[in-house]
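Undergrad: Start from the sequences, fold in the hints, and give me the full structure.
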Amino acid sequence: MTHSGGYVADPRFRAIEWLPWLLALLCFFVAPSYLPLGSYVLTMIIFALSLDLVVGYAGIITLGHSAYFGAGAYIAGIFAARVSTEPLTGLAISTVGAGLLGLLTGVVILRTRGLALLMLTLAITSLCLEFANKATGWTGGADGLGGFAIQPILGLFKFDLFGKTAYLYCLVFLFASWWLVRRMVYSPFGASLTGIRENDVRMNAVGAPVYMRLVVSYTISAALAGLAGALLTQTTQYVGLKVLGFELSGELLVMLILGGIGRIYGAFVGPLVYLLAQDYLAKQFPEYWYFGIGMILVLVVMFVRGGILGIVDAGIAKWRGASA
Amino acid sequence: MNAALEVRKLCKSFGALKVADEIDFCLERGARHALIGPNGAGKTTFINMLTGRLRPSSGQMLLGGEDITELGQAARVKRGLGRTFQINTLFLKLPVIDNVALSVAEREGVAWRMFRAANAHRGVIDESMDLLQTLGLAEDARNSVARLPYGKQRLVEIAVALGLKPRVLLLDEPAAGVPSLESHRILEVLAALPGDIAILIIEHDMDLVFRFARRITVLAQGAILAEGAPAEIAENQRVREVYLGERHV
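So the protein sequences, as listed, match chains A and B. Each residue of the first sequence is one higher than the last, beginning at 9 in the working numbering. Each residue of the second sequence is one higher than the last, beginning at -15 in the working numbering.
Some hints could be false.
Said to hold, decoys possible - Heads up, incomplete: computed chain A residues facing chain B, CB under 10 Å, no partners named:
| id | residue |
| --- | --- |
| 1 | Gly14 |
| 2 | Tyr15 |
| 3 | Val16 |
| 4 | Arg20 |
| 5 | Thr144 |
| 6 | Pro196 |
| 7 | Gly198 |
| 8 | Arg205 |
| 9 | Ile228 |
| 10 | Tyr288 |
| 11 | Ala290 |
| 12 | Ala325 |
Said to hold, decoys possible - Away from chain B, derived, C-beta distances all over 12 Å, residues of chain A:
| id | residue |
| --- | --- |
| 13 | Glu94 |
| 14 | Trp186 |
| 15 | Glu206 |
| 16 | Gly302 |
Keep in mind that the hints were calculated from the coordinates and are not lab data. We put the beta carbon where it would ideally sit given N, CA and C, even for glycine.
TA: Have a look at this one:
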């Protein structure tokens, strides 16, 4: 089940697609002590979904997606610190702001392809990082920005100490993001992005406005990344320089590759496995945990294309073949 | 105005190398016109200028009487100029029907839609399927292009261009790489194309050219060497020297 979209793909929901949501709700009731980590996983899934849209579907290779995540995170932080601590307004402004940054940068960098594009995406997130580092009056620089208390959502749901509200808040927006991305993947727009990824020369030859379409997909993806960043700021009530720069972009790409690129649910599985493994390994082997992460990635990339979900697909195919 | 496509004094040079030298050319409505010439004569450059992939150094191009010299590729496609490629330029991993549907969706202007499922666009799918039917590819509709034999991939190449419902169709060596036993299938498909499409074909397979074309233009070193009905071209002494002659000596 690759969710590659297109004109013959059946867009209806399969039963198994309810599984992640059931698991997420189950986690809420069964593992309350994991909710803060859970909220972080949920925001990273939104972030990974946004990356999947451009890398997996449109074929835009990028190492700079943290620029938009960070922009959303900082806009949410600055908005909360200076204007208002109302969460939904902050979220909306951060999403639009990150989308605008995506539009402005996309218009420039999407004229290039391949390595040049990769370098430009890196440059953009590095510029943003340096800007956030130097503009201490707004961002707090290396100290980060905190000390604001986000108001209850809709005036009803207070952010509690155990992270219950935060978790559900993230889950609701993950659901909305997932619904949006899934719709787009199965739409003619999504099909045309796949076409551009597979052969942009032919897409030009059939009269597709390739560049405009890439800019639009990049803008939407940047807005989603900004939403994820803003959620992180609001749920942790803090934003620091770690939300920007190459490291987070690279880590996110690793998560997506781990889960499986261009299949929607790879963006769910990758961050979940990566962050749980990180959590576990960091507790068991505080000095060597990165080694464990590296091993998992090497194994997945060497032995299965398509990440963990690729393994699952191959397993199912084998099982079906054996039983037939 | 009876010309579907007209070219006036078209020039293109890469540095000192002149690849198009004051080409004057006219493609009638409903034409079956072939462009031939030895390797390096500038045929593909000419096609790339017509489609807007390459900017000419000077000269003018008219599509249905409208000046398209300054227009980009997409704008020319919208005005009814379609093309195929000498080397397959397809969406290899996608199903055959998606290859055609992507082109049909662009023409119908639905390719920006983000919320309605592609699968729900019956008009696009039915039209793509009809096209595949006429080209004898219906059974392969759901297979990925990569799994088709090369000859069938060449037909998909044509199907994608036909999805645009072009008024002018440029076929860049449609039979290139196809075993001669299968090239008759390509010819059958070409012969069955709607009569109102003006077709310009570039081809090295002389058998195919002389069966298909009603008019032939010979290009050599970026300039037009001769133009006329197939019989005239076959008799033309200069053409025989630079081109046909090579084959018969």
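Undergrad: Hint by hint, note whether the structure agrees.
TA: Right, here's what the structure says about each hint:
1. Gly14: Constraint on Gly14/A satisfied, holds at 5 Å.
2. Tyr15: 4 Å, holds
3. Val16: 6 Å, holds
4. Arg20: OK, holds: Arg20/A within 10 Å of chain B, min 9 Å.
5. Thr144: 40 Å, violated
6. Pro196: 5 Å, holds
7. Gly198: 7 Å, holds
8. Arg205: 9 Å, holds
9. Ile228: 8 Å, holds
10. Tyr288: 36 Å, violated
11. Ala290: 39 Å, violated
12. Ala325: 16 Å, violated
13. Glu94: Fine: 29 Å to the nearest Cβ keeps Glu94/A off the interface.
14. Trp186: Non-interface label on Trp186/A holds, nearest chain B Cβ at 14 Å vs cutoff 12 Å.
15. Glu206: 4 Å, violated
16. Gly302: 30 Å, holds
Hint compliance for this structure: hints 5, 10, 11, 12, 15 are not met, and every other hint is.
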